[in-house]
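Undergrad: If you count the sequence shown from 1, position 74 lands on 415 in my numbering, and the numbers rise without skipping.
Just so you know, the hints here were simulated from the structure itself, not pulled from any lab data.
Fair warning: there could be bad hints in the mix.
[As the list claims (entries may be wrong)] Only pairs whose alpha carbons sit at most 27 angstroms apart, straight line, appear in this in silico DSS-like list of lysine-lysine:
# : residue 1 : residue 2
1 : K658      : K754
2 : K710      : K767
3 : K710      : K682
4 : K648      : K682
Only a predicted model underlies this, so the values are computations on that prediction, with no experimental measurement involved.
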Amino acid sequence: MKMKAALLGAVAVLGLAPAAFAERGADGEVKLTFPQAVSIMNPYLSGGTKDIYAASMVLEPLAGLTPEGELIPKLVTEIPTLENGGISADMTTITWKLIPDLKWSDGSAVTADDAVFTWQYCTHPEGGCSQATKYEGVTSVEAVDPMTVKVTFDGPKANPYTAFVSALAPLLQKAQFEACLGAAAPTCTDANNMPIGTGPFKVTGFTVNDTVTMAMNENYRDPAKPAFASAVIKGGGDAEGSARAVMETGEFDYAWNTQIPPDSQAAMTAAGKGQFVVAFGTLVERIEMNMTDPSADLPEGERATVKHPHPILSDIKVRTALSMAIDRNILVEVGYGAGGKPTCNVIPGPEAWASDNTACLTQDMEGAKALLEEAGWTDSDGDGIRDKDGKKLSILYQTTVNPIRQDFQALIKDWWTELGVEVELKAIDPGVFFGGDPGSPDTFQKFYADVEMYANNSDSPDPETYLAQYMCAKIPSPETQWQGENINRFCDPAYDALHAELGSTTDVAKRQEIAKKLNDMVTKDSMVVVPLVHRGTLSAHSNTLGGVQINAWDSEMWNAADWFRVK
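Input sequences plus hints: build the corresponding full structure.
TA: Okay, here's the thing in C-alpha coordinates:
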(Lines of atoms letter the chains of each structure in order from A and count residues from 1; the text may use other names and numbers.)
(Lines give C-alpha, C1' and ligand atoms only; values in the text may rest on other atoms or scores of the structure.)
Protein backbone atom coordinates (compact mmCIF):
# COMPACT_ATOMS: atom_id res chain seq x y z
CA MET A 1 0.00 0.00 0.00
CA LYS A 2 1.38 3.36 -1.01
CA MET A 3 1.78 5.97 1.74
CA LYS A 4 0.00 8.57 -0.37
CA ALA A 5 -3.09 6.40 -0.31
CA ALA A 6 -2.62 5.22 3.25
CA LEU A 7 -1.95 8.44 5.12
CA LEU A 8 -2.42 12.16 4.73
CA GLY A 9 -2.33 12.49 0.97
CA ALA A 10 0.52 13.45 -1.23
CA VAL A 11 3.77 14.04 0.64
CA ALA A 12 5.76 16.66 -1.15
CA VAL A 13 8.07 19.57 -0.64
CA LEU A 14 6.28 22.80 -1.41
CA GLY A 15 7.83 24.74 -4.25
CA LEU A 16 7.66 28.42 -3.44
CA ALA A 17 8.38 31.14 -5.94
CA PRO A 18 11.66 32.67 -4.82
CA ALA A 19 11.46 36.22 -3.52
CA ALA A 20 14.11 38.63 -4.65
CA PHE A 21 15.77 39.14 -1.27
CA ALA A 22 18.70 41.53 -1.38
CA GLU A 23 20.00 40.10 1.87
CA ARG A 24 18.86 38.84 5.23
CA GLY A 25 17.24 41.58 7.31
CA ALA A 26 17.07 44.11 4.48
CA ASP A 27 13.33 44.83 4.78
CA GLY A 28 13.21 46.38 8.24
CA GLU A 29 10.42 45.41 10.62
CA VAL A 30 7.24 43.39 10.11
CA LYS A 31 4.41 44.25 12.50
CA LEU A 32 1.66 41.83 13.49
CA THR A 33 -1.46 42.49 15.53
CA PHE A 34 -3.35 39.80 17.46
CA PRO A 35 -6.73 40.60 19.06
CA GLN A 36 -5.82 37.93 21.61
CA ALA A 37 -2.56 38.94 23.29
CA VAL A 38 0.21 36.38 23.63
CA SER A 39 0.50 34.94 27.14
CA ILE A 40 3.39 32.53 26.75
CA MET A 41 5.82 31.48 23.99
CA ASN A 42 5.80 27.79 24.88
CA PRO A 43 3.04 25.95 22.96
CA TYR A 44 3.39 22.93 25.25
CA LEU A 45 1.94 25.01 28.09
CA SER A 46 -0.90 26.67 26.21
CA GLY A 47 -3.88 25.53 24.19
CA GLY A 48 -4.34 29.07 22.87
CA THR A 49 -3.89 29.47 19.13
CA LYS A 50 -2.42 32.94 19.58
CA ASP A 51 0.40 31.53 21.73
CA ILE A 52 1.05 28.62 19.37
CA TYR A 53 1.19 30.89 16.32
CA ALA A 54 3.49 33.43 17.95
CA ALA A 55 5.83 30.69 19.15
CA SER A 56 5.96 29.19 15.65
CA MET A 57 8.08 32.12 14.47
CA VAL A 58 10.75 30.97 16.93
CA LEU A 59 10.21 27.25 17.64
CA GLU A 60 9.95 24.73 14.82
CA PRO A 61 8.92 21.08 14.45
CA LEU A 62 10.74 18.45 12.42
CA ALA A 63 8.02 18.71 9.77
CA GLY A 64 5.15 21.03 8.97
CA LEU A 65 2.10 21.18 6.75
CA THR A 66 1.39 23.30 3.69
CA PRO A 67 -1.88 25.11 2.95
CA GLU A 68 -2.81 22.02 0.94
CA GLY A 69 -2.31 19.75 3.94
CA GLU A 70 0.87 18.20 2.56
CA LEU A 71 3.84 17.38 4.75
CA ILE A 72 7.07 19.32 4.27
CA PRO A 73 10.43 18.89 6.01
CA LYS A 74 11.46 21.68 8.37
CA LEU A 75 14.44 20.50 10.43
CA VAL A 76 14.96 17.21 8.57
CA THR A 77 16.34 16.23 5.20
CA GLU A 78 13.16 14.50 3.98
CA ILE A 79 9.79 13.16 5.09
CA PRO A 80 10.14 9.52 6.18
CA THR A 81 7.96 7.07 4.23
CA LEU A 82 7.66 3.33 3.73
CA GLU A 83 9.23 3.76 0.31
CA ASN A 84 12.40 5.51 1.53
CA GLY A 85 12.75 3.28 4.58
CA GLY A 86 11.99 6.01 7.11
CA ILE A 87 8.93 4.11 8.31
CA SER A 88 9.40 0.49 9.31
CA ALA A 89 7.57 -2.23 7.39
CA ASP A 90 5.45 -3.04 10.44
CA MET A 91 4.65 0.69 10.83
CA THR A 92 5.73 0.77 14.47
CA THR A 93 8.67 3.17 14.02
CA ILE A 94 9.49 6.35 12.12
CA THR A 95 13.04 7.65 11.78
CA TRP A 96 13.91 11.29 11.12
CA LYS A 97 17.27 12.60 9.83
CA LEU A 98 18.17 16.10 11.03
CA ILE A 99 19.66 18.63 8.62
CA PRO A 100 23.46 18.64 9.04
CA ASP A 101 24.99 21.54 10.99
CA LEU A 102 21.59 22.76 12.20
CA LYS A 103 21.93 25.47 14.88
CA TRP A 104 19.82 26.90 17.64
CA SER A 105 19.57 30.69 17.63
CA ASP A 106 22.26 30.82 20.34
CA GLY A 107 24.68 29.10 17.95
CA SER A 108 24.73 25.70 19.67
CA ALA A 109 24.10 22.51 17.71
CA VAL A 110 20.67 20.93 17.37
CA THR A 111 20.90 17.20 18.05
CA ALA A 112 18.66 14.18 18.42
CA ASP A 113 18.98 14.59 22.20
CA ASP A 114 16.80 17.70 21.93
CA ALA A 115 14.03 15.60 20.38
CA VAL A 116 14.35 12.93 23.07
CA PHE A 117 14.11 15.61 25.74
CA THR A 118 11.10 17.28 24.09
CA TRP A 119 9.21 13.99 24.20
CA GLN A 120 10.15 13.51 27.85
CA TYR A 121 9.05 17.06 28.61
CA CYS A 122 5.58 16.74 27.07
CA THR A 123 4.87 13.24 28.37
CA HIS A 124 5.92 13.85 31.97
CA PRO A 125 2.88 12.89 34.09
CA GLU A 126 3.11 16.06 36.20
CA GLY A 127 3.87 18.46 33.37
CA GLY A 128 0.33 19.21 32.20
CA CYS A 129 1.45 19.35 28.56
CA SER A 130 -1.22 20.95 26.40
CA GLN A 131 -0.13 18.99 23.33
CA ALA A 132 0.15 15.54 24.89
CA THR A 133 -2.05 14.05 22.17
CA LYS A 134 0.72 14.70 19.65
CA TYR A 135 2.77 12.07 21.47
CA GLU A 136 -0.09 9.62 21.99
CA GLY A 137 1.06 6.03 21.57
CA VAL A 138 4.77 6.88 21.55
CA THR A 139 6.66 4.41 23.74
CA SER A 140 10.16 5.76 23.12
CA VAL A 141 12.15 8.42 21.30
CA GLU A 142 15.74 7.41 20.71
CA ALA A 143 18.83 9.30 19.59
CA VAL A 144 20.27 6.67 17.25
CA ASP A 145 23.12 9.08 16.64
CA PRO A 146 23.42 12.87 17.01
CA MET A 147 21.52 13.45 13.76
CA THR A 148 18.99 10.60 13.84
CA VAL A 149 15.72 10.47 15.81
CA LYS A 150 13.82 7.19 16.04
CA VAL A 151 10.23 7.26 17.32
CA THR A 152 8.68 3.95 18.38
CA PHE A 153 4.92 3.46 18.80
CA ASP A 154 3.00 0.95 20.88
CA GLY A 155 1.68 -0.71 17.73
CA PRO A 156 1.30 -0.13 13.97
CA LYS A 157 0.71 3.59 13.45
CA ALA A 158 -1.28 4.41 10.36
CA ASN A 159 -0.52 8.10 10.79
CA PRO A 160 2.96 8.35 12.31
CA TYR A 161 3.22 12.07 11.51
CA THR A 162 2.17 13.28 14.95
CA ALA A 163 5.15 13.65 17.28
CA PHE A 164 7.35 16.60 16.25
CA VAL A 165 4.96 17.58 13.42
CA SER A 166 3.32 21.03 13.05
CA ALA A 167 3.48 24.13 15.22
CA LEU A 168 1.83 22.19 18.06
CA ALA A 169 4.85 19.93 18.54
CA PRO A 170 8.09 21.85 18.02
CA LEU A 171 11.56 20.99 19.28
CA LEU A 172 12.66 22.47 22.60
CA GLN A 173 16.32 23.04 23.43
CA LYS A 174 17.30 20.54 26.11
CA ALA A 175 19.94 22.85 27.56
CA GLN A 176 17.36 25.59 28.16
CA PHE A 177 14.48 23.45 29.45
CA GLU A 178 16.10 20.49 31.22
CA ALA A 179 15.36 21.98 34.66
CA CYS A 180 11.70 22.46 33.67
CA LEU A 181 10.37 18.91 33.69
CA GLY A 182 7.10 17.94 35.32
CA ALA A 183 5.60 20.24 37.93
CA ALA A 184 8.45 22.71 37.37
CA ALA A 185 7.32 23.38 33.78
CA PRO A 186 5.15 26.47 34.44
CA THR A 187 7.73 27.96 36.82
CA CYS A 188 10.40 28.40 34.13
CA THR A 189 9.31 31.89 33.18
CA ASP A 190 12.40 32.93 31.23
CA ALA A 191 12.45 29.79 29.12
CA ASN A 192 8.70 29.81 28.54
CA ASN A 193 8.60 33.44 27.46
CA MET A 194 11.92 33.67 25.60
CA PRO A 195 12.61 30.20 24.20
CA ILE A 196 15.70 29.53 22.11
CA GLY A 197 14.60 28.17 18.75
CA THR A 198 15.58 27.34 15.18
CA GLY A 199 13.01 29.56 13.47
CA PRO A 200 13.63 32.72 11.44
CA PHE A 201 13.24 34.94 14.51
CA LYS A 202 14.36 34.98 18.15
CA VAL A 203 12.63 36.67 21.08
CA THR A 204 14.23 39.87 22.33
CA GLY A 205 11.44 41.09 24.61
CA PHE A 206 8.23 39.76 26.09
CA THR A 207 5.44 41.45 28.02
CA VAL A 208 2.74 39.01 29.12
CA ASN A 209 -0.62 39.66 27.47
CA ASP A 210 0.80 42.60 25.55
CA THR A 211 3.82 42.54 23.22
CA VAL A 212 6.43 40.18 21.79
CA THR A 213 9.48 41.68 20.11
CA MET A 214 11.80 39.62 17.93
CA ALA A 215 14.95 39.98 15.90
CA MET A 216 16.08 37.92 12.93
CA ASN A 217 17.90 34.72 13.83
CA GLU A 218 21.47 35.10 12.56
CA ASN A 219 21.86 31.32 12.76
CA TYR A 220 18.80 30.51 10.65
CA ARG A 221 19.60 27.71 8.22
CA ASP A 222 18.86 29.74 5.07
CA PRO A 223 21.44 32.55 4.89
CA ALA A 224 19.14 34.72 2.73
CA LYS A 225 16.23 34.64 5.18
CA PRO A 226 14.33 36.16 6.85
CA ALA A 227 13.95 39.32 4.83
CA PHE A 228 12.85 41.23 7.92
CA ALA A 229 15.40 42.33 10.51
CA SER A 230 12.81 42.36 13.27
CA ALA A 231 9.22 41.50 14.08
CA VAL A 232 6.74 42.63 16.70
CA ILE A 233 3.44 41.13 17.78
CA LYS A 234 1.13 43.55 19.54
CA GLY A 235 -1.80 41.93 21.30
CA GLY A 236 -5.08 42.97 22.80
CA GLY A 237 -8.02 45.08 21.75
CA ASP A 238 -10.48 43.34 19.47
CA ALA A 239 -10.69 41.72 16.05
CA GLU A 240 -12.15 44.79 14.36
CA GLY A 241 -9.40 47.02 15.71
CA SER A 242 -6.74 44.59 14.52
CA ALA A 243 -8.28 44.41 11.05
CA ARG A 244 -8.59 48.18 10.85
CA ALA A 245 -4.91 48.62 11.80
CA VAL A 246 -3.97 46.70 8.65
CA MET A 247 -6.77 47.44 6.22
CA GLU A 248 -7.40 51.13 6.89
CA THR A 249 -4.65 52.82 8.92
CA GLY A 250 -1.76 50.70 7.62
CA GLU A 251 -0.16 50.69 11.06
CA PHE A 252 0.40 46.93 10.94
CA ASP A 253 1.32 44.43 8.24
CA TYR A 254 -0.61 41.35 9.39
CA ALA A 255 -3.72 40.89 11.51
CA TRP A 256 -4.45 37.39 12.73
CA ASN A 257 -7.98 36.20 13.44
CA THR A 258 -9.97 39.09 11.99
CA GLN A 259 -13.27 37.60 13.05
CA ILE A 260 -15.51 40.48 12.00
CA PRO A 261 -18.92 40.73 10.27
CA PRO A 262 -19.13 40.48 6.47
CA ASP A 263 -20.22 44.12 6.02
CA SER A 264 -17.17 45.32 7.98
CA GLN A 265 -14.89 43.21 5.79
CA ALA A 266 -16.30 44.79 2.65
CA ALA A 267 -15.98 48.33 4.00
CA MET A 268 -12.37 47.83 5.05
CA THR A 269 -11.37 46.19 1.77
CA ALA A 270 -12.64 49.26 -0.05
CA ALA A 271 -9.87 51.33 1.56
CA GLY A 272 -7.43 49.58 -0.79
CA LYS A 273 -4.57 49.07 1.67
CA GLY A 274 -4.85 45.36 2.31
CA GLN A 275 -6.73 42.16 1.74
CA PHE A 276 -8.55 39.54 3.77
CA VAL A 277 -7.47 35.95 3.25
CA VAL A 278 -9.45 32.85 4.21
CA ALA A 279 -8.87 29.10 4.31
CA PHE A 280 -11.22 26.31 5.37
CA GLY A 281 -9.76 23.51 7.44
CA THR A 282 -11.51 22.02 10.45
CA LEU A 283 -12.01 25.16 12.55
CA VAL A 284 -15.36 24.90 14.34
CA GLU A 285 -16.99 27.47 16.61
CA ARG A 286 -18.71 25.40 19.25
CA ILE A 287 -20.40 25.39 22.62
CA GLU A 288 -18.86 23.04 25.17
CA MET A 289 -21.13 21.64 27.87
CA ASN A 290 -19.54 21.32 31.31
CA MET A 291 -20.11 17.80 32.59
CA THR A 292 -18.92 18.84 36.06
CA ASP A 293 -20.28 21.29 38.62
CA PRO A 294 -18.51 24.69 38.48
CA SER A 295 -20.38 26.10 41.47
CA ALA A 296 -18.45 28.50 43.68
CA ASP A 297 -20.15 26.82 46.64
CA LEU A 298 -17.77 23.89 46.20
CA PRO A 299 -14.27 23.96 47.74
CA GLU A 300 -11.49 25.30 45.52
CA GLY A 301 -9.83 22.30 43.94
CA GLU A 302 -13.15 20.48 43.61
CA ARG A 303 -15.03 22.97 41.43
CA ALA A 304 -15.35 21.76 37.84
CA THR A 305 -13.79 18.38 38.62
CA VAL A 306 -15.13 14.88 38.06
CA LYS A 307 -15.80 14.59 41.78
CA HIS A 308 -18.99 16.60 41.22
CA PRO A 309 -21.19 15.89 38.16
CA HIS A 310 -23.10 18.86 36.76
CA PRO A 311 -26.52 19.12 38.45
CA ILE A 312 -28.28 20.18 35.22
CA LEU A 313 -26.14 19.38 32.18
CA SER A 314 -25.49 15.77 33.17
CA ASP A 315 -28.90 15.10 31.60
CA ILE A 316 -28.53 14.52 27.85
CA LYS A 317 -32.09 15.72 27.28
CA VAL A 318 -31.17 19.16 28.57
CA ARG A 319 -28.02 19.30 26.44
CA THR A 320 -29.94 18.16 23.37
CA ALA A 321 -32.73 20.70 23.92
CA LEU A 322 -30.20 23.53 24.17
CA SER A 323 -28.73 22.47 20.82
CA MET A 324 -32.12 22.08 19.13
CA ALA A 325 -33.07 25.66 20.04
CA ILE A 326 -30.17 27.18 18.07
CA ASP A 327 -30.59 28.43 14.49
CA ARG A 328 -27.11 27.93 13.03
CA ASN A 329 -28.03 29.44 9.67
CA ILE A 330 -28.77 32.77 11.33
CA LEU A 331 -25.46 32.59 13.21
CA VAL A 332 -23.58 32.17 9.92
CA GLU A 333 -25.51 35.01 8.29
CA VAL A 334 -24.83 37.38 11.18
CA GLY A 335 -21.25 36.41 11.87
CA TYR A 336 -19.45 35.11 8.81
CA GLY A 337 -21.29 35.23 5.51
CA ALA A 338 -19.21 33.36 2.95
CA GLY A 339 -16.58 32.78 5.61
CA GLY A 340 -18.67 30.24 7.52
CA LYS A 341 -20.96 27.24 7.13
CA PRO A 342 -23.43 25.76 9.66
CA THR A 343 -22.24 22.41 11.01
CA CYS A 344 -23.12 19.66 13.46
CA ASN A 345 -19.62 18.15 13.47
CA VAL A 346 -16.37 18.75 15.31
CA ILE A 347 -14.66 17.21 12.25
CA PRO A 348 -16.34 19.04 9.32
CA GLY A 349 -13.65 18.13 6.78
CA PRO A 350 -11.96 16.93 4.71
CA GLU A 351 -15.17 15.57 3.17
CA ALA A 352 -14.09 11.93 3.37
CA TRP A 353 -13.63 12.25 7.14
CA ALA A 354 -16.87 14.17 7.86
CA SER A 355 -19.95 12.50 9.34
CA ASP A 356 -23.34 12.86 7.64
CA ASN A 357 -24.55 14.29 10.95
CA THR A 358 -26.91 17.07 9.81
CA ALA A 359 -29.92 16.90 12.16
CA CYS A 360 -28.91 20.04 14.07
CA LEU A 361 -29.01 22.24 10.98
CA THR A 362 -32.75 22.83 11.37
CA GLN A 363 -33.87 24.71 14.47
CA ASP A 364 -36.61 22.88 16.40
CA MET A 365 -37.83 25.09 19.23
CA GLU A 366 -41.04 23.16 19.90
CA GLY A 367 -39.15 19.87 19.98
CA ALA A 368 -36.66 21.37 22.43
CA LYS A 369 -39.45 22.53 24.74
CA ALA A 370 -41.06 19.10 24.63
CA LEU A 371 -37.75 17.45 25.49
CA LEU A 372 -37.31 19.64 28.57
CA GLU A 373 -40.86 18.84 29.66
CA GLU A 374 -40.07 15.15 29.25
CA ALA A 375 -36.95 15.63 31.40
CA GLY A 376 -39.07 17.13 34.17
CA TRP A 377 -38.16 20.78 33.70
CA THR A 378 -41.36 22.81 33.95
CA ASP A 379 -42.28 26.37 34.82
CA SER A 380 -44.01 25.47 38.09
CA ASP A 381 -44.28 29.02 39.45
CA GLY A 382 -45.07 30.84 36.20
CA ASP A 383 -42.03 33.14 36.20
CA GLY A 384 -40.87 32.01 32.76
CA ILE A 385 -37.93 30.02 34.10
CA ARG A 386 -38.17 26.25 34.19
CA ASP A 387 -37.40 24.44 37.42
CA LYS A 388 -37.07 20.90 38.72
CA ASP A 389 -36.89 19.65 42.31
CA GLY A 390 -36.63 23.24 43.53
CA LYS A 391 -33.70 24.12 41.24
CA LYS A 392 -33.93 26.74 38.48
CA LEU A 393 -32.77 25.93 34.95
CA SER A 394 -30.05 28.58 35.11
CA ILE A 395 -26.88 28.68 33.02
CA LEU A 396 -23.70 30.79 33.03
CA TYR A 397 -22.53 31.10 29.40
CA GLN A 398 -19.00 32.41 28.87
CA THR A 399 -16.77 33.19 25.89
CA THR A 400 -14.13 35.72 24.85
CA VAL A 401 -14.53 39.43 24.22
CA ASN A 402 -15.23 39.54 20.49
CA PRO A 403 -18.06 41.33 18.64
CA ILE A 404 -19.19 38.24 16.73
CA ARG A 405 -19.13 36.08 19.85
CA GLN A 406 -21.13 38.68 21.75
CA ASP A 407 -23.66 38.69 18.87
CA PHE A 408 -23.82 34.89 19.12
CA GLN A 409 -24.26 35.07 22.87
CA ALA A 410 -27.15 37.52 22.51
CA LEU A 411 -28.92 35.42 19.88
CA ILE A 412 -28.44 32.14 21.74
CA LYS A 413 -29.53 33.71 25.01
CA ASP A 414 -32.77 34.81 23.30
CA TRP A 415 -33.43 31.31 21.99
CA TRP A 416 -32.63 29.69 25.33
CA THR A 417 -34.74 32.24 27.18
CA GLU A 418 -37.63 31.30 24.90
CA LEU A 419 -37.07 27.73 26.05
CA GLY A 420 -37.45 28.81 29.66
CA VAL A 421 -33.77 28.90 30.56
CA GLU A 422 -32.26 31.66 32.70
CA VAL A 423 -29.00 32.71 31.01
CA GLU A 424 -26.19 34.83 32.41
CA LEU A 425 -23.58 35.98 29.90
CA LYS A 426 -19.89 36.48 30.63
CA ALA A 427 -17.19 37.80 28.27
CA ILE A 428 -13.53 37.31 29.18
CA ASP A 429 -10.41 38.92 27.77
CA PRO A 430 -9.16 36.42 25.18
CA GLY A 431 -5.59 36.66 26.41
CA VAL A 432 -6.78 35.45 29.79
CA PHE A 433 -9.35 32.92 28.52
CA PHE A 434 -6.80 31.14 26.31
CA GLY A 435 -3.79 31.94 28.48
CA GLY A 436 -3.63 28.70 30.47
CA ASP A 437 -2.63 30.41 33.74
CA PRO A 438 -3.38 27.78 36.42
CA GLY A 439 -4.01 30.55 38.93
CA SER A 440 -6.70 32.28 36.89
CA PRO A 441 -10.39 31.41 37.37
CA ASP A 442 -11.21 32.52 33.83
CA THR A 443 -9.32 30.10 31.57
CA PHE A 444 -11.29 27.90 29.22
CA GLN A 445 -9.50 24.86 30.66
CA LYS A 446 -10.61 25.64 34.22
CA PHE A 447 -14.18 26.09 32.94
CA TYR A 448 -15.80 27.82 35.89
CA ALA A 449 -19.06 28.18 33.93
CA ASP A 450 -21.84 25.91 32.72
CA VAL A 451 -21.23 26.34 29.00
CA GLU A 452 -18.51 28.12 27.06
CA MET A 453 -17.98 28.98 23.42
CA TYR A 454 -14.79 29.12 21.39
CA ALA A 455 -13.26 27.66 18.23
CA ASN A 456 -10.85 24.77 17.85
CA ASN A 457 -9.53 22.69 14.99
CA SER A 458 -7.49 19.69 13.97
CA ASP A 459 -4.03 20.67 12.77
CA SER A 460 -3.94 17.62 10.49
CA PRO A 461 -6.26 16.35 7.74
CA ASP A 462 -6.13 13.04 9.62
CA PRO A 463 -7.99 13.78 12.90
CA GLU A 464 -6.66 10.92 15.06
CA THR A 465 -4.60 13.17 17.31
CA TYR A 466 -7.32 15.80 17.52
CA LEU A 467 -9.99 13.29 18.50
CA ALA A 468 -7.74 12.06 21.32
CA GLN A 469 -8.62 15.22 23.24
CA TYR A 470 -11.92 13.70 24.41
CA MET A 471 -10.29 10.73 26.11
CA CYS A 472 -10.77 10.38 29.87
CA ALA A 473 -7.07 10.93 30.62
CA LYS A 474 -7.12 14.37 28.96
CA ILE A 475 -9.43 16.00 31.51
CA PRO A 476 -7.94 19.18 33.07
CA SER A 477 -7.69 19.09 36.84
CA PRO A 478 -5.76 20.66 39.71
CA GLU A 479 -3.35 17.71 39.47
CA THR A 480 -2.41 18.73 35.90
CA GLN A 481 -2.24 22.46 36.67
CA TRP A 482 -5.59 22.66 34.82
CA GLN A 483 -3.93 21.69 31.55
CA GLY A 484 -5.54 19.16 29.22
CA GLU A 485 -7.61 19.18 26.05
CA ASN A 486 -10.78 17.44 27.33
CA ILE A 487 -12.37 20.73 28.28
CA ASN A 488 -15.91 19.49 29.02
CA ARG A 489 -14.73 16.53 31.17
CA PHE A 490 -16.44 13.97 28.91
CA CYS A 491 -15.39 10.44 29.84
CA ASP A 492 -16.60 7.31 28.08
CA PRO A 493 -14.50 4.10 28.13
CA ALA A 494 -16.16 3.11 24.86
CA TYR A 495 -14.81 6.29 23.26
CA ASP A 496 -11.31 5.56 24.57
CA ALA A 497 -11.48 2.01 23.22
CA LEU A 498 -12.69 3.14 19.80
CA HIS A 499 -9.95 5.76 19.64
CA ALA A 500 -7.39 3.06 20.43
CA GLU A 501 -8.82 1.08 17.53
CA LEU A 502 -8.36 4.11 15.29
CA GLY A 503 -4.72 4.28 16.31
CA SER A 504 -4.10 0.68 15.24
CA THR A 505 -6.11 0.75 12.01
CA THR A 506 -4.13 1.28 8.81
CA ASP A 507 -6.86 1.03 6.17
CA VAL A 508 -7.90 4.59 5.27
CA ALA A 509 -11.56 3.82 4.63
CA LYS A 510 -11.86 2.08 8.01
CA ARG A 511 -10.04 4.98 9.71
CA GLN A 512 -12.53 7.40 8.21
CA GLU A 513 -15.46 5.27 9.41
CA ILE A 514 -14.08 5.16 12.96
CA ALA A 515 -13.37 8.91 12.97
CA LYS A 516 -16.97 9.61 12.00
CA LYS A 517 -18.22 7.43 14.87
CA LEU A 518 -15.97 9.25 17.32
CA ASN A 519 -17.25 12.58 16.02
CA ASP A 520 -20.82 11.41 16.53
CA MET A 521 -20.11 10.16 20.06
CA VAL A 522 -19.25 13.66 21.30
CA THR A 523 -21.87 15.46 19.19
CA LYS A 524 -25.24 13.95 18.29
CA ASP A 525 -24.92 10.88 20.55
CA SER A 526 -24.04 12.80 23.73
CA MET A 527 -24.30 16.53 22.92
CA VAL A 528 -21.33 17.34 25.15
CA VAL A 529 -20.04 19.39 22.23
CA VAL A 530 -22.53 21.54 20.32
CA PRO A 531 -20.93 22.59 17.01
CA LEU A 532 -22.21 25.83 15.55
CA VAL A 533 -20.19 27.10 12.59
CA HIS A 534 -17.49 25.63 10.35
CA ARG A 535 -15.30 28.72 10.20
CA GLY A 536 -12.89 29.73 7.56
CA THR A 537 -9.60 30.95 9.00
CA LEU A 538 -9.84 34.67 8.28
CA SER A 539 -6.93 37.09 8.62
CA ALA A 540 -5.73 40.22 6.85
CA HIS A 541 -2.44 41.46 5.47
CA SER A 542 -1.15 44.67 3.97
CA ASN A 543 -0.66 44.93 0.22
CA THR A 544 2.99 45.69 0.98
CA LEU A 545 3.57 42.34 2.71
CA GLY A 546 4.56 39.65 0.26
CA GLY A 547 4.92 35.90 0.60
CA VAL A 548 1.84 35.34 2.78
CA GLN A 549 0.09 31.99 2.27
CA ILE A 550 -2.66 31.46 4.80
CA ASN A 551 -2.66 27.95 6.20
CA ALA A 552 -5.53 26.15 7.91
CA TRP A 553 -3.45 23.04 8.72
CA ASP A 554 -0.52 24.63 10.54
CA SER A 555 0.44 27.99 11.98
CA GLU A 556 -0.52 30.96 9.84
CA MET A 557 3.08 32.06 10.35
CA TRP A 558 4.30 28.70 8.96
CA ASN A 559 6.35 30.45 6.24
CA ALA A 560 7.25 33.72 8.00
CA ALA A 561 10.82 33.17 6.80
CA ASP A 562 9.52 33.80 3.26
CA TRP A 563 7.67 37.02 4.00
CA PHE A 564 9.12 40.16 2.42
CA ARG A 565 8.34 43.81 1.82
CA VAL A 566 6.77 44.52 -1.56
CA LYS A 567 8.69 47.43 -3.05
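Undergrad: Each hint needs a verdict: does it hold in this structure or not?
TA: Okay, the hints, checked on the actual structure:
The straight-line distance between the Cα atoms of K658 and K754 is roughly 18 angstroms, inside the 27 angstroms bound, and the hint therefore holds. Between K710 and K767 the alpha-carbon distance is near 25 angstroms, which keeps this suggested pair within the 27 angstroms criterion. Taking the CA atoms of K710 and K682, the gap is about 26 angstroms. The hint holds against a cut of 27 angstroms. For the suggested pair K648 and K682, the alpha carbons sit about 37 angstroms apart, so the restraint of at most 27 angstroms is broken.
Comparing the model with each numbered hint stated earlier shows that hint 4 is the single one that does not hold.
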